[in-house]
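Visitor: Chain by chain, the residues run as shown.
There are 2 protein chains.
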Amino acid sequence: IRKVLVIGAGQFGRALALGLVEGGADVSVLDPREDRIAVLSSRISQAIIGSGTDVRVLRGLDVETFDQVVNAIGEESLEASIVCTQLLRELGAKEVIARVVSDLHKRIVESLGATRTIHPEEHTAKTLARRIARPELRSELELAEGARLLELALPEKWIGKTLADVDLRKRYGVTVVAVRTGSEGGRRLVPSPSPEDPLVRGDELMVVGPKDGMDRVLKELG
Amino acid sequence: IRKVLVIGAGQFGRALALGLVEGGADVSVLDPREDRIAVLSSRISQAIIGSGTDVRVLRGLDVETFDQVVNAIGEESLEASIVCTQLLRELGAKEVIARVVSDLHKRIVESLGATRTIHPEEHTAKTLARRIARPELRSELELAEGARLLELALPEKWIGKTLADVDLRKRYGVTVVAVRTGSEGGRRLVPSPSPEDPLVRGDELMVVGPKDGMDRVLKELG
Numbered sequence: 001i002r003k004v005l006v007i008g009a010g011q012f013g014r015a016l017a018l019g020l021v022e023g024g025a026d027v028s029v030l031d032p033r034e035d036r037i038a039v040l041s042s043r044i045s046q047a048i049i050g051s052g053t054d055v056r057v058l059r060g061l062d063v064e065t066f067d068q069v070v071n072a073i074g075e076e077s078l079e080a081s082i083v084c085t086q087l088l089r090e091l092g093a094k095e096v097i098a099r100v101v102s103d104l105h106k107r108i109v110e111s112l113g114a115t116r117t118i119h120p121e122e123h124t125a126k127t128l129a130r131r132i133a134r135p136e137l138r139s140e141l142e143l144a145e146g147a148r149l150l151e152l153a154l155p156e157k158w159i160g161k162t163l164a165d166v167d168l169r170k171r172y173g174v175t176v177v178a179v180r181t182g183s184e185g186g187r188r189l190v191p192s193p194s195p196e197d198p199l200v201r202g203d204e205l206m207v208v209g210p211k212d213g214m215d216r217v218l219k220e221l222g
Numbered sequence: 001i002r003k004v005l006v007i008g009a010g011q012f013g014r015a016l017a018l019g020l021v022e023g024g025a026d027v028s029v030l031d032p033r034e035d036r037i038a039v040l041s042s043r044i045s046q047a048i049i050g051s052g053t054d055v056r057v058l059r060g061l062d063v064e065t066f067d068q069v070v071n072a073i074g075e076e077s078l079e080a081s082i083v084c085t086q087l088l089r090e091l092g093a094k095e096v097i098a099r100v101v102s103d104l105h106k107r108i109v110e111s112l113g114a115t116r117t118i119h120p121e122e123h124t125a126k127t128l129a130r131r132i133a134r135p136e137l138r139s140e141l142e143l144a145e146g147a148r149l150l151e152l153a154l155p156e157k158w159i160g161k162t163l164a165d166v167d168l169r170k171r172y173g174v175t176v177v178a179v180r181t182g183s184e185g186g187r188r189l190v191p192s193p194s195p196e197d198p199l200v201r202g203d204e205l206m207v208v209g210p211k212d213g214m215d216r217v218l219k220e221l222g
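As given, the protein sequences belong to chains A and B, one line each in that order.
Under the numbering used here, the first residue of the first sequence is numbered 1, with each subsequent residue one higher.
Under the numbering used here, the first residue of the second sequence is numbered 1, with each subsequent residue one higher.
No lab work stands behind these hints: they were computed from the structure.
One thing to keep in mind: the hints can contain errors.
[To be verified] SDA-like, lysine to any residue: derived pairs with alpha carbons at most 20 Å apart:
1) 157/A to 221/A
2) 3/B to 221/A
3) 126/B to 2/A
[To be verified] Which stretches of chain A does chain B cover? Using the computed rule of at least three CB atoms under 8 Å from a CB of chain B, they are:
4) 18-27
5) 111-124
6) 147-157
7) 171-179
8) 186-194
9) 203-209
[Unchecked claim] The following residues of chain B were derived to be distant from chain A, with all beta-carbon distances above 10 Å:
10) 36
11) 37
12) 57
13) 86
14) 89
15) 92
16) 159
17) 170
Every residue gets a Cβ at the ideal spot worked out from N, C-alpha and C, and that includes glycine.
Please model the entire structure based on the sequences and the hints provided.
Guide: Dropping the structure here:
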């Protein structure tokens, strides 16, 4: 079982702590506000009232015994976030994941030794921007090493064609790994679809490939 | 070209506006703070200094002419976010996407007619929680209608087996649609992998299927 300490129980810290509990982790949360700690106390293994910038509090928690420490302070104070990151490193925390609120904040905590940073507003804004700018792009996933997966609503111009006709593999080096098809209610996922089956209105294509090939597919769709 | 109005140029609104510009949308941004508007003005089509809670300002913008209006006020004031949502609906905005900061906030703006809501802290916290609680889960994507895609590091117990041996399709109704394999630098994505090829340490599997089947796969992995 992974042992995780979350410092800061604002919106992000609280949602994170509950998500971790759901995922089976052993979760401790530290926050100076009693009301924030009270709502979590019955659902996590350790709910501690105290400040993440107080070295005595952090020392008492044995931060080095946690697999991960998430510094979720970002929302309230840049200074507090920075101080907490520095103290966690000094006290030997193994992995420090810091919530950041700007690029400058990110560079500072990375310089101090945060192993990973996360910027919720930017992360979510990017996802939403793609969805608004490209409604045919149902969803999208960055895979490792520059690969990407897209879920695309079948474009008008491909209706009635087959995957062989469209030939994304030869033209862009990307592969349709699955098609979702059928009417509402009776929809099914067809993995490894046949290149000869005609595509019909309402189909959704799951396409995998390198980022540049994907960009060219999206460009073709206008 | 999609015409989008973003109200509020805080972290979320700013990242959203820039993401939309990158995606090819025609973007206008409204914020009462001149410094926030100034940094955006050269990159968007309309940068307006003014309040999203001022009915005269909103009327002057012709909100009904935008394909989407994103109310990104959430960070500063619940009241302002609520007032802005109500005014947007009264002025005939077609689609109102509201950034929310809590479940209660979400229910309020939905009652007022927001067509979509987005909660950045919760959205990002859930993603991070899964990644921390399940390090073998490289990434994850909710697809439409209860389907899901996972990218999994090959578990220890499957090394040397084939996809036919593991037989996820029969046991859980899920399909391995692609395998990423090879050494650092020479890694390649193999779509529609052969059921008879042995899996090797370092492989990553892209698995698609219904949510309940996926949960059972993850459970088997412990």
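Visitor: State for each hint whether it applies.
Guide: Quick rundown of the hints versus the structure:
1. 157/A to 221/A: Cα-Cα ~9 Å, so holds.
2. 3/B to 221/A: 18 Å, holds
3. 126/B to 2/A: 16 Å, holds
4. 18-27: Check passed, 7 qualifying residues.
5. 111-124: holds (count 7)
6. 147-157: With 3 residues close enough to chain B, the hint holds.
7. 171-179: holds (count 3)
8. 186-194: holds (count 4)
9. 203-209: Result for this restraint: holds, n = 4.
10. 36: Given a closest Cβ separation of 13 Å, the condition holds.
11. 37: 17 Å, holds
12. 57: 22 Å, holds
13. 86: 22 Å, holds
14. 89: 19 Å, holds
15. 92: 19 Å, holds
16. 159: 18 Å, holds
17. 170: 13 Å, holds
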